[in-house]
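**Student:** Residue-level listing of the chains:
Protein chains: 2
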Amino acid sequence: MTTRLQATQSLPGLRLEFDDSQPLPLDSGQQLGSFALQFTTYGTLNADKSNAILICHALTGDQYVAERNPVTGREGWWGSLVGPGRVIDPEHYFIICSNVLGGCLGSTGPRDIDPATGKPYGLSFPVITIGDMVRAQVRIVDHFGIDQLFAVVGGSMGGMQVLQWAAKYPERVFAAIPIATAARHSAQNIAFHEVGRQAIMADPDWRGGRFLEEQTNPARGLAVARMAAHITYLSEPALHRKFGRNLQERQKVAFGFDADFQVESYLRHQGASFVDRFDANSYLYITRAMDYFDLAAEFGSVPAAFKGTKTRFCIVSFSSDWLFPTSESRALVHALNAVAANVSFVEISTDKGHDAFLLDEPEMFAVLDGFLRGCAQHRGLK
Amino acid sequence: MTTRLQATQSLPGLRLEFDDSQPLPLDSGQQLGSFALQFTTYGTLNADKSNAILICHALTGDQYVAERNPVTGREGWWGSLVGPGRVIDPEHYFIICSNVLGGCLGSTGPRDIDPATGKPYGLSFPVITIGDMVRAQVRIVDHFGIDQLFAVVGGSMGGMQVLQWAAKYPERVFAAIPIATAARHSAQNIAFHEVGRQAIMADPDWRGGRFLEEQTNPARGLAVARMAAHITYLSEPALHRKFGRNLQERQKVAFGFDADFQVESYLRHQGASFVDRFDANSYLYITRAMDYFDLAAEFGSVPAAFKGTKTRFCIVSFSSDWLFPTSESRALVHALNAVAANVSFVEISTDKGHDAFLLDEPEMFAVLDGFLRGCAQHRGLK
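For the protein sequence lines, the chains are A and B, in the order given. With UniProt numbering, the residue at position 302 of the first sequence is 302, and numbering never jumps. With UniProt numbering, the residue at position 160 of the second sequence is 160, and numbering never jumps.
Extracted from the complex, chain A is given alone in its bound form (with noise of 0.2 Å):
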């Protein structure tokens, strides 16, 4: 196997690339020949290399958790918990953060050549799962030498492949923080899934996923695709909190189709401002890879997927999340607790939605310390 690790001009951070010697399995039975990964690392790995944290992102996420985004500009998405004096702390940790497998920020995806043909995949890219994004993960991990994550941390599709380590590789995981997450994508979850794949299909522009060669961009679908999600990463009281019923500055209603309502001209800006930075075909596959995410298929049940583990488990939910309600929580628990894992679990009570894992939550901040602290002193850290 030919590794190459190597600083990227285009994109600040690290990247692995694979060649073909050593293809990556993939759940399809398909298998990925030559591939890269971009990813961020900050922080130091320690002699035992046993301060590894690993942060992994959601659908739209990518691996600038704690620095400024090269292509938006914006800060780090998760600087509030990650940086310096932050809970998660460079000084204490090495922290590792990679785009996913499949995404469109430098990690392999549909966007990318096809070695076979010297165009881009486009829908022949393969399709991939959570398992095969955290396969992938693996490779990195392997690469820096760590037998054992000290923790692996992530929020929504984030949570589903922190499951998928501890399920999949549970002595690899010291602890395992899963956020506003669950053991499977519900049936609700998969309709608001459908709804944006079938809006970024129906654009014409999409030409059947050639828009890279055709040189055209399904802006349009993909926008409207952003727009029903974006709904569902709020709450109504968050949204009517922000909101309400509140006009645009004209006092009165316009009687006509333009955005007459501030909510309606929020959500447009963030369809147009998600098509500048993300790929359809990417929203097509990653939404995919959540909707397939489902332990109990894979493991037998939810408790059989964590049966043995000694991974210590510090779960957490949002009171007004209800694409991750904090049901789902529980039934996670309820499965370790069947099988005897060390687990905590904190509803943390807020009216901003799913998006609260995102955000300045100083309970979230708390919880996660004090779990941290706890599990460094156990494993030995200081």
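Source of the hints: derived by calculation from the structure; they are not laboratory data. The model shown is predicted, which means the values in this text are computed figures rather than measured ones. A few of these clues could be false.
Because identical chains cannot be distinguished in the list, a pair is counted as satisfied if it fits within a single copy or across any two copies.
Here are the simulated DSS-like cross-link-like pairs (lysine-lysine), alpha carbons at most 30 Å apart as the crow flies [claimed, not checked]:
| id | residue 1 | residue 2 |
| --- | --- | --- |
| 1 | Lys-119 | Lys-49 |
| 2 | Lys-307 | Lys-252 |
| 3 | Lys-119 | Lys-168 |
| 4 | Lys-310 | Lys-168 |
| 5 | Lys-168 | Lys-252 |
| 6 | Lys-310 | Lys-382 |
| 7 | Lys-119 | Lys-242 |
| 8 | Lys-242 | Lys-382 |
| 9 | Lys-252 | Lys-242 |
| 10 | Lys-168 | Lys-382 |
| 11 | Lys-307 | Lys-168 |
| 12 | Lys-382 | Lys-49 |
Assemble the complex: chain A is given as a structure, and chain B must be docked to it using the hints.
**Tutor:** Below, chain B without anything else, positioned relative to chain A:
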């Protein structure tokens, strides 16, 4: 004013045509010159014209409340509630149900010919409100010489019309039954509608609203709009019970973007069948009318809308309805209590979500039966 009442050949039911000698004033400040209303009636108006019940349909409903829909071939949408031997029985009542203004099943809407141009209105149709829909219905009631409706009944947007009738024409409504509705459309509901509108307007076949002229049809956009809306009509438990993560006939996921899960093919079917029966511009106009609905904005406050009312109210909500949750109905009850109105309220326990109002709900039927019998006694009907 020249008014023509006629049975139409193309659509079962009755049609009232108004010429431009007495245009319909609209809330936007515009007016409609000549226009038509298509409706159905069942039963016989009694001698003192005291037994009329007006039924108001929801967003994508129509006037075929108790008979086969001539477009879809499906049974009347409220045939389980309205009809011989049912709670609302044409043996006792004179029942009226009208296609709303702005609709696409006979009443004037954006797909009709604008007499000023000889072309379909498209977006030159004036934006209408729930108040305008009701103002048009008054013409039908006047046509029959009915001073006071015995009852006005409707769910969802139909319930908004019920509330508008009771607020604007209190002396003309003896009893009001608003079901699964609210005194104003919430920010989240506006957001979902906006996604649907953006999906339609993103479809190149929409042609800026001129698709009829240009002989195209924004079917893909309208299907996506319907799919997104349809999720909001159900509940997570109902989706889980109906579909869960069940796969299509094949036993394994296909690792592709065809419909793998039953919930996906169900949604696709909902979208595809909708575009055959509904006009995309009507969808824009009617969703907008719902968004604009806000009794407090029109009357100063919700209690002010009902001050001094003698109407008897029966308010019904469903426990799993998250589009028009019980809290909205409770707010209505509180407002009506604040003006000492005669109001009863029932929350019906069901996992069927917002759609419950259209389904066989024995408890709802029993509540309506009891309420209508009591009102009939008070009104001197037997």
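**Student:** Hint by hint, say whether it matches the structure.
**Tutor:** The hints, checked one at a time:
1. Lys-119 - Lys-49: neither (40 Å within a copy, 75 Å between copies)
2. Lys-307 - Lys-252: Classified as between; 25 Å across copies, 61 Å inside a copy.
3. Lys-119 - Lys-168: neither (34 Å within a copy, 64 Å between copies)
4. Lys-310 - Lys-168: For Lys-310 and Lys-168, the Cα distance is within 30 Å only inside one copy (13 Å; across copies 67 Å).
5. Lys-168 - Lys-252: between (57 Å within a copy, 21 Å between copies)
6. Lys-310 - Lys-382: within (21 Å within a copy, 74 Å between copies)
7. Lys-119 - Lys-242: neither (45 Å within a copy, 42 Å between copies)
8. Lys-242 - Lys-382: neither (42 Å within a copy, 51 Å between copies)
9. Lys-252 - Lys-242: Only inside one copy: Lys-252 and Lys-242 sit 19 Å apart there, 43 Å across copies, limit 30 Å.
10. Lys-168 - Lys-382: within (28 Å within a copy, 71 Å between copies)
11. Lys-307 - Lys-168: This pair counts as within: shortest intra-copy Cα distance 11 Å, inter-copy 65 Å.
12. Lys-382 - Lys-49: Within one copy only: 14 Å inside, 86 Å across.
Figure legend: structure checked against the earlier numbered hints; hints not met, in rising order: 1, 3, 7 and 8.
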